[in-house]
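J.: Here is what each chain is made of, one letter per residue.
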Amino acid sequence: MPYSKEVLLDLLERMLLIRRFEERAGQQYGLGKIGGFCHLYIGQEAVCVGALSALRPDDYALSGYREHGHALARGTEPGRVMAELFGKATGTTKGKGGSMHIFDAERRFMGGYGIVGGQIPLGAGFALATKYQGGDQVTLCFFGDAAVNQGVFHEVLNMAQLWKLPVIFICENNKYGMGTDVARAAAVPEVYKRSSSYNMHGERVDGMDVLAVRAACDRLVHRARTEMQPALLEAATYRFRGHSMADPATYRTKEELAEFRGKDPIAQLKAQLVADDSITEEDYKKLEQKIKKIVDEAVKFADESPAADLAERFTDVYFGEPPLAPPELDPALLEEAH
Amino acid sequence: MPVMTYREALNAALHEEFAHDERVLILGEEVALYQGAFKVTQGLLQKFGDRRVIDTPISEAGFVGMAIGAAMLGLRPIAEVMTFNFSILALDQMVNNAAKMYSMSGGQLHVPMVLRGPGGAAHQLASQHSQALEQQYAHIPGLKVVMPATPADAKGLLKSAIRDESPVVFIEGEALYPTKGEVPEGEYLIEIGKADLKRQGKDVTLICWSRMALVTLEAAALLEQEGIDAEVVDLRTVRPVDQEAILQSVRKTNRAVVVEEAWPWASVGGSIVDLIQREAFDDLDAPVLRINGIDAPMPYAKNLEHAMLPTPRSIAAAAKKVLYR
Numbered sequence: 000m001p002y003s004k005e006v007l008l009d010l011l012e013r014m015l016l017i018r019r020f021e022e023r024a025g026q027q028y029g030l031g032k033i034g035g036f037c038h039l040y041i042g043q044e045a046v047c048v049g050a051l052s053a054l055r056p057d058d059y060a061l062s063g064y065r066e067h068g069h070a071l072a073r074g075t076e077p078g079r080v081m082a083e084l085f086g087k088a089t090g091t092t093k094g095k096g097g098s099m100h101i102f103d104a105e106r107r108f109m110g111g112y113g114i115v116g117g118q119i120p121l122g123a124g125f126a127l128a129t130k131y132q133g134g135d136q137v138t139l140c141f142f143g144d145a146a147v148n149q150g151v152f153h154e155v156l157n158m159a160q161l162w163k164l165p166v167i168f169i170c171e172n173n174k175y176g177m178g179t180d181v182a183r184a185a186a187v188p189e190v191y192k193r194s195s196s197y198n199m200h201g202e203r204v205d206g207m208d209v210l211a212v213r214a215a216c217d218r219l220v221h222r223a224r225t226e227m228q229p230a231l232l233e234a235a236t237y238r239f240r241g242h243s244m245a246d247p248a249t250y251r252t253k254e255e256l257a258e259f260r261g262k263d264p265i266a267q268l269k270a271q272l273v274a275d276d277s278i279t280e281e282d283y284k285k286l287e288q289k290i291k292k293i294v295d296e297a298v299k300f301a302d303e304s305p306a307a308d309l310a311e312r313f314t315d316v317y318f319g320e321p322p323l324a325p326p327e328l329d330p331a332l333l334e335e336a337h
Numbered sequence: 000m001p002v003m004t005y006r007e008a009l010n011a012a013l014h015e016e017f018a019h020d021e022r023v024l025i026l027g028e029e030v031a032l033y034q035g036a037f038k039v040t041q042g043l044l045q046k047f048g049d050r051r052v053i054d055t056p057i058s059e060a061g062f063v064g065m066a067i068g069a070a071m072l073g074l075r076p077i078a079e080v081m082t083f084n085f086s087i088l089a090l091d092q093m094v095n096n097a098a099k100m101y102s103m104s105g106g107q108l109h110v111p112m113v114l115r116g117p118g119g120a121a122h123q124l125a126s127q128h129s130q131a132l133e134q135q136y137a138h139i140p141g142l143k144v145v146m147p148a149t150p151a152d153a154k155g156l157l158k159s160a161i162r163d164e165s166p167v168v169f170i171e172g173e174a175l176y177p178t179k180g181e182v183p184e185g186e187y188l189i190e191i192g193k194a195d196l197k198r199q200g201k202d203v204t205l206i207c208w209s210r211m212a213l214v215t216l217e218a219a220a221l222l223e224q225e226g227i228d229a230e231v232v233d234l235r236t237v238r239p240v241d242q243e244a245i246l247q248s249v250r251k252t253n254r255a256v257v258v259e260e261a262w263p264w265a266s267v268g269g270s271i272v273d274l275i276q277r278e279a280f281d282d283l284d285a286p287v288l289r290i291n292g293i294d295a296p297m298p299y300a301k302n303l304e305h306a307m308l309p310t311p312r313s314i315a316a317a318a319k320k321v322l323y324r
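For the record, the sequence lines run as chains A and B.
Going by numbering that gives the first Met the number 0, the residue at position 32 of the first sequence is 31; the numbering climbs one at a time, nothing skipped.
Going by numbering that gives the first Met the number 0, the residue at position 178 of the second sequence is 177; the numbering climbs one at a time, nothing skipped.
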């Protein structure tokens, strides 16, 4: 086995944290503590955990709007992510971004983006900048299977290969763009093949197998770092929940869901670790308890945090400039007076 | 002070800023080897090399988005669109990524980039190539929108735009490239958001920007022949707008005409009239009038094209109307 026990346990722990965090987020959504759209990552944990574990701390990553997991995998405090979902002042963006726009620039997680495929040029732009600056950082640019039908995906793959940019495009193919099966949206449903249009290396990996994802990313990241070669990696995965909290996912069969639940990335890695005596069932229980405590604390932190500050409406519009002047008839002040 | 064309003034600003700051680079169609579709980037490739002067494929959303990404990591990219008609293809990137980044990231990331290129009608380019689209950008918080009318303003404002910490949409007048004027040499910066009084007057305020500033100055000359002393306020920036300059002039003349190349509905000019009626209602002696491009797509034929846009005579007629003359 190429990876040490420590690495394997770390992967298991990160996947489990995302799973339990997302389950709790879904529950809190049901309680009305989270508003708007909320896209859970449950089932896909192996992709972001495997891929991001192949990075150095100074590498860059960004994703679409199903990105709570990417931030957590990058090390963002679960409490700050949960507080953001709750719209609290202590959230990752002070309540401005919400579920779809988690940012942690310090950890070089450069955001979640809400327009399908809209983040793809940004990722290539990061790679352009690091190469321009003479650095050897690599960018991982995540998106879903629906994003590959956007024009900008093709524009950017073309330029990334033309200019040899150190960026890995990671398509998390969870089989559905919202409720539309990939086969109903793509003339070539094998996403990785699209790289061949641009002479770019493309490959598919089992996105339910964290070690397979890690191994593929180790290889592709090394290649990008040392040879300035981009790549398209398709991770075949599955979301166990609907597209968003509003989606009961009636467009897919119970059998299909059961099939993929049988490939649960966490259960797979756990089984492997138990089988080779790396951990015992008792160890796993302890890990579950540890994660439960972290998630409990995240919810508590979010619950107890102050609401987003009304003054934030006027800040962060123009960098380095004073906040906007509030309008004469400020709805917040009028409501308060009432 | 040397006299140069608007195009040469922009070119000088680019050369100076490339030399001034290693983080400045330009991406766009035909900007390098071809020396720019309108020759604004002439000589940059030879002087600064293909690392900093990058020819792109015709992929506006892609390369504008890449410029935004590069700016997020600390570079100061300029994305050139061959004309602003094509910038619409990248509107998602500008509106959803560039404009919102600083706010959406809770202040963690910002986007010091410039989107520049020519806008407005030129010479018989027909509907898809003859549009004044500044309102598309001026509507969006997080963006700044600069539209210089003269070579000196073009230079001073482009240098400031490149140094600005926010995304700046810099719309050059396509028909202005060959126009000439005096341009200060070397370090010459104009503050973004400051209007310029292109002509002092006491009878009526004419508010304009970009190429319309030149047409409005011609209108003022016509009015002078009739004994009317018009003040011409060139906004130079349409977001943020220099509200104080507008109000100060209107408070002096008590009458105003807003001159705009763009279509009349839902445009920058409408917002300026709103500002005047809110802040200077008691100072007005007549309703504010607007002169716009005719509310239809631009036709090709020369006589039709000419008759679609504000002219010195139509502007002068509006000025006389608010003077009840």
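Treat the hints as calculated values from the structure; they're not laboratory data.
It is possible that part of the hints are untrue.
What the hints assert, rightly or not - Chain B is faced by these chain A residues, among others (derived, beta-carbon under 7 Å):
id, residue
1, V6
2, A88
3, T92
4, H100
5, R106
6, V115
7, G124
8, A128
9, G133
10, G134
11, E154
12, A245
None of these values were measured; they are calculated from a predicted model.
Cβ atoms here follow ideal geometry from the backbone N, Cα and C, with glycine treated the same way.
J.: Tell me, in ascending order, the numbers of any earlier hints that this structure violates.
T.: Checked against the structure, the hints that fail are numbers 1, 2, 5, 6, 9, 10 and 12, while the rest are satisfied.
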